[in-house]
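Novice: Sequences are here, hints too, so could you generate the full structure?
There are 2 protein chains.
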Amino acid sequence: MALLVHKYGGTSLETAELVKSVAARIVRARGRGDDVVAVVSAMGDSTDALVDLAHQISPEPDQRELDLLLSTGELVSSALLAMALRDLGQEAVGLSGQQAGIRTERRFGQARITDIDSKRIRREVEAGRVVIVAGFQGATDDLEVTTLGRGGSDTTAVALTAALKAKQCLRYTDVEGVFTADPRIVPDARKLVDISYDEMLELASYGAKVMHPRAVELASVYNVPIAVSSSFSSAPGTMIHSEALMEGPNRIRGVAHDLDVAKVTVHGVPDRPGAAATFFEALSEEHIRVDTIVQNASAEQVTDLTFTVAESALSRAMSVVEPIVQRIGATGLETDAELAKVSVVGTVMRTGRGYAARTFEALHAAGVNIDMITTSEIRITAIIHSDSVVPAAQALHKAFALESMGEDLED
Amino acid sequence: MALLVHKYGGTSLETAELVKSVAARIVRARGRGDDVVAVVSAMGDSTDALVDLAHQISPEPDQRELDLLLSTGELVSSALLAMALRDLGQEAVGLSGQQAGIRTERRFGQARITDIDSKRIRREVEAGRVVIVAGFQGATDDLEVTTLGRGGSDTTAVALTAALKAKQCLRYTDVEGVFTADPRIVPDARKLVDISYDEMLELASYGAKVMHPRAVELASVYNVPIAVSSSFSSAPGTMIHSEALMEGPNRIRGVAHDLDVAKVTVHGVPDRPGAAATFFEALSEEHIRVDTIVQNASAEQVTDLTFTVAESALSRAMSVVEPIVQRIGATGLETDAELAKVSVVGTVMRTGRGYAARTFEALHAAGVNIDMITTSEIRITAIIHSDSVVPAAQALHKAFALESMGEDLED
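Top line first, the protein sequences correspond to chains Z and R. The numbering of the first sequence is our numbering, which starts it at 1 and goes up by one. The numbering of the second sequence is our numbering, which starts it at 1001 and goes up by one.
Treat the hints with caution; some may be incorrect.
[Stated by the list, open to error] Take a look, some chain Z residues computed to stay more than 12 Å from chain R by CB distance:
| # | residue |
| --- | --- |
| 1 | T11 |
| 2 | T15 |
| 3 | A92 |
| 4 | G248 |
| 5 | T331 |
[What the hints assert, rightly or not] Per the computed footprint, the stretches of chain Z lying under chain R, defined by three or more beta-carbons under 8 Å from a beta-carbon of chain R, are:
| # | segment |
| --- | --- |
| 6 | 79-85 |
| 7 | 93-107 |
Just so you know, these hints were derived from the structure itself, not from any lab. Here a beta-carbon is modelled for each residue, glycine too, at the ideal position from N, C-alpha and C.
Specialist: The following block contains the structure:
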């Protein structure tokens, strides 16, 4: 008999019928002798509906009030799921983030968990109850309601798994697991049996939508195993843990793609110390994440500076960059929003060789033009035209034989 | 400069536009130099939608979980109204019942306020903020969320007015005030300038929907003046306070009617001590309120027992009454759901005479048959056939000249 943390996403709780079928799944887990603490997201797109309502009231709703507003979505889910369990004869209790002891810093909209006081949850579990915790939210010491920002409910689930020393986090969503690529653009994509934290983190950071990088990072820090599977089927999912033992360590793990990419090029930046840094400091202050940066070799005391940002942040980025271009006397500014990234990821790159060459060859053979390149220890990312995403992802998937769990490729 | 407690009902907050116009009203009050604490209900019929959702999950949803669920409706309103105020440049903060310091006993669905710790509200008001408190809810010492039951938001507003020693409670709703009768059935009905707590309590208890008796009672205990007016107009409303000075003390104040009335008659109840009490104890245990009770003079050691309950509670009442009829050996059971009450109310009855006679005369002249009569010190209620409600209310309204603020009637 183990303690398990379940996590149910919004699509798994979209209707009363779905809430009831989640309750039935939890009852089956209890029937196998396990204790369950379940973390829930808001039903369906109810969070979007609340955000929309807030924007009808104010173009820039106050963040403290927005947190109070948005926290209600997960409260609704937790109360309803607890009711559904009681209706099946299973004692259960729904808890707000505050009631569950989830304490955060006072930073509305993107609070970090500082501490979990798990006394109440433990007491309820010992009394034989299933505990349903509203995800995505916590409270400060002075009772202010905070939300954890993107990936918040996953973060709640992983943090609770660690705090409760639970056996694992079972994350139920509307996809069956982590795939070698997005099956919508690579039909051969295969569901992985398992994947390491580092690999999942790179895939998630570079476009795989399965799980927010923040929750994966937290899981990695506390070594929390996460089983990702679908609440709509009983098919086995993908295990995220410290090493991908079942899939074998010597393989490229997957291909990620991301269409939310734009490029900014500043021409004629004066080649003096700190000139480039001015841009990045100002963008950072506005919380705009800069990804790839390329600075061309300078001639005649000026240089060209190119970097990428999310396409969805481009207009905000330009309102930061334009005044600086004026101020420092750069000669030109150019943007390209029609870009995308494709990435191959695998811890095998730490030890193996030739992965970069094989990546370029595959893209070249598929007629894909590479605009920029960026790499990490376990990832190679090509920035390409957004029209080339499908052939690029398919070519890379094929080049590394990701469709099968076959023998490791030689390098 | 005074501290005022505003209270806005669900119809005043039904849409984003209405929330904004409530914010504008509060800003105008601030402009007159007053501090404002506003208590809000859930938007429109959102509470009904949540109840409906709960019933899709479970035919008898757990009351603790239902309270957690329903509390979100008022949280949404408080966050949105605070956002709307900030959008108008007025500092504001939305608070849950718990954050506002509203402590209750641990009785879900119908908790009573035990204590208000107003430190947080005072601190916010002193900092120049408008405080928006989610009505209808509180929390126990161990952080459980409770709701206050029917009339809950009005109760929150009155309790806060008392706790904060505010000047008065301004209650905004979709009606312009308290009327001498329901204008939908008595076209001559006139808006009262003021009314006493006792009179309002009787009118509310006997069918006037303006305000829940519970909140009126609390206002009476703490001598909290309540100004009832419409959030959709700027017309002056009705003041509820200890004495109706403007309307003059020597008048009948109003006519109330209630269609939610049913009669139960038990024939042949053995005439021994405690036989009748058996019924009323059992009904009370099921929280079914018994109103008028008539026991006919006994002959041959048996008696007929007649009482009224709300028509909406009749089927529950019958499931209590039927087994008792069997057990004590009564000879018959009969119900009539086609009944109504009309009541005339006025503190003048305490000192004046002839009001009962005038009531019967007026009903008789209008051809209304009286089934039963019940009175209090300041009220006369006739139980009549529900088809007679309109002529009965119109006849009584006319008999006591309620359409005008004219001279007191002689008696």
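Novice: Verify that the Cβ of A92 (chain Z) lies farther than 12 Å from every Cβ atom of chain R, and report whether the claim holds or is violated.
Specialist: violated, 8 Å
Novice: Just double-check G248 (chain Z) for me: nearest Cβ-Cβ distance to chain R has to come out over 12 Å.
Specialist: Given a closest Cβ separation of 45 Å, the condition holds.
Novice: Against chain R, does T331 (chain Z) keep a CB gap of more than 12 Å to every residue?
Specialist: holds, 41 Å
Novice: Does the no-contact call for T15 (chain Z) survive, Cβ to all of chain R over 12 Å?
Specialist: Per Cβ check, T15 (chain Z) is inside 12 Å of chain R; nearest 8 Å; violated.
Novice: Under 8 Å between beta-carbons, do enough residues of the segment 93-107 of chain Z, three at least, approach chain R for the coverage claim to hold?
Specialist: Check passed, 5 qualifying residues.
Novice: How does the coverage statement for the segment 79-85 of chain Z fare against chain R, requiring three or more residues with Cβ below 8 Å from a Cβ of that chain?
Specialist: Check passed, 5 qualifying residues.
Novice: Could you check that no beta carbon of chain R comes within 12 Å of the beta carbon of T11 (chain Z)?
Specialist: For T11 (chain Z), whose nearest Cβ neighbour in chain R is about 17 Å away, the distance exceeds 12 Å, so it holds.
Hint compliance for this structure: hints 2 and 3 are not met, and every other hint is.
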